[in-house]
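For reference, the chains in residue letters:
2 protein chains.
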Amino acid sequence: MKSIKIFAPATVANLSCGFDVLGCCLDTVGDEMVISLSSKPGVRITKIEGADLPLDTKKNVAGVAVEALLANYENEIGVDIEIYKKIKAGSGIGSSAASSAGAVWAVNHLLNNPFSPHKLVEFAMEGEKLASGNAHADNVAPALLGGFTLVRSYAPLDVIKLHTPNDLVMTVIHPQIEVKTSDARSVIKQNVTLKQAIHQWGNVGGFISGLFTEDYELIGRSLEDVIIEPMRSILIPEFENVKKAAISAGALGCGISGSGPSIFALSKSITTAKNVAEVINDVYTKTGLDFDIHISKINSQGVKIIK
Amino acid sequence: MKSIKIFAPATVANLSCGFDVLGCCLDTVGDEMVISLSSKPGVRITKIEGADLPLDTKKNVAGVAVEALLANYENEIGVDIEIYKKIKAGSGIGSSAASSAGAVWAVNHLLNNPFSPHKLVEFAMEGEKLASGNAHADNVAPALLGGFTLVRSYAPLDVIKLHTPNDLVMTVIHPQIEVKTSDARSVIKQNVTLKQAIHQWGNVGGFISGLFTEDYELIGRSLEDVIIEPMRSILIPEFENVKKAAISAGALGCGISGSGPSIFALSKSITTAKNVAEVINDVYTKTGLDFDIHISKINSQGVKIIK
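Chains as they are written, first to last, in our numbering: chain A, 3 to 309; chain B, 3 to 309.
Treat the hints loosely; a few may be bogus.
[As the list claims (entries may be wrong)] Quick look at which bits of chain B chain A covers, simulated, 3 or more residues with Cβ under 8 Å:
1. 107–119
2. 130–143
3. 157–171
4. 185–194
5. 199–205
No lab work stands behind these hints: they were computed from the structure.
Remember, predicted model here, so these are calculated numbers, not experimental data.
Every residue, glycine too, gets a C-beta built ideally from N, C-alpha and C.
Could you build the full structure based on these sequences and the hints that come with them?
Now the structure itself:
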């Protein structure tokens, strides 16, 4: 029985200006999974540690994603999945995406890569659909392709890997409060002014140009969200104070990770990212809320084998 | 008296997905201007050929732009301007921008470049303000910086030069009809759905990624405008047929140039661009309307000296 142990990375979606289209992959925050091929057909979740998640394949994002892959594979095979969950569910750093992406990547690897990374994104999106009712790609794409990714289009799906400047480091704070997905969605108005939209696509353009030219100042200037952040940030305690502190400590930019409640800050060096961690730690310590802080370089590879 | 003759290029703004933010510079379509420094203070338009435009400095975009520059220059000097207009006014390929940009570029050159290209964009925008009531930068920026440009932000002004893949060639048809700026504006709704906006900024991201990675197919897929084109194209006779014909002939994409009535098609080679010109010529010949067709590589330099 062939088996591999993998690192299934956490991801930061939206990145301020790029709601629903931009995302990036973290390097030191993620789950571990052991995926094994079996002669016994079917998909089985044999073990889950670190989270209270269903072993039922049809109700588990990793199971659903692997079933989507197997439905497209020529031979009948079996897959056993062990999940060692380290990313907390509902944190806003792609917990479900890590499981979906990790599982399909590992199965594809064990099968000698019959599917392209872009095809794996489609399979993993089935997991996202189960998790949130919405087959979004802005977390599974960076988890599978690594680095920064753009979902140019959903119909047809068109996912593009962008360039990753080497010096970028993420600081992420996860306040351990529950933000219901339904609440995070209901605060978003479905109409925007043309003026706001132009402002936002100017920033998407600036951010992507900054990545390709490694212009860190431009990346920072472009990390601005005039549409979603003003609506969603009201659900995140101390958001404005965290943002102010992060920018004062030298971060290039700061915003909501995915649909929150996690907040990301992007910096140009590990030193700055650590300083940012310290100041946002100070802001959150005063709230009395539980929280985690992660510091991570950008993982330009995506899912990887650890054993 | 120091004097230079320059080529002041036409430009294509918006480029489908990038309303108000993207633009590019043409190489074989443009005006000529002769700019001279004079010991007699003040700005004078001494000659205009090819168009019925005001010689009064305060009413001429080139005059206004140069006055904005001189207001920021330490010494009192004089400037004489001759304009040999080849770009038709109201064509939608940056006629006023060529005059404003050409004039300030030439004066700056004659003064040994005291101002940065980005500062020249600000001066030239004063000419645009006179021409349309709106100090937009999406034509003057590519005229001055060359190649493809992004206006990331207007307040503060933040203009970025993008990468220019070498094989791109523009075909532009200018139907000689008058589209009033007020009409071109009044058809645009000031609210859009969030879904349309996301679609559009996915394409802006895809287009810019395509430029940097020289992925011509991606550039083509991204040349899509779900917001402005459906509204504005009703003012341009045979727009849909021109677009269909251009795409059938191999163009990567096709859309409205600026606020129209010109239509641009972007192709990967001069051969394709010529084929595109032929088929859109056929479409327009049937209308009985007068029209011009231009074929041009992308001018990555911008305004240049010709004598």
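These are the hints, each one checked on the structure:
Chain A is given as covering the region 107–119 of chain B, and this is violated because 0 residues of the stretch bring a CB closer than 8 Å to a CB of that chain, at least three being needed. Against chain A, the region 130–143 of chain B contributes 0 residues with a C-beta closer than 8 Å to a partner C-beta. That does not satisfy the three-residue criterion, and the hint is violated. Evaluation of the coverage hint for the region 157–171 of chain B: fulfilled, as 4 residues show C-beta separations to chain A shorter than 8 Å, against a requirement of three. Restraint check on the region 185–194 of chain B versus chain A: 5 residues with Cβ-Cβ distances below 8 Å, three needed, restraint holds.
With 7 residues having a Cβ less than 8 Å from any Cβ of chain A, the region 199–205 of chain B passes the three-residue criterion, so the hint holds.
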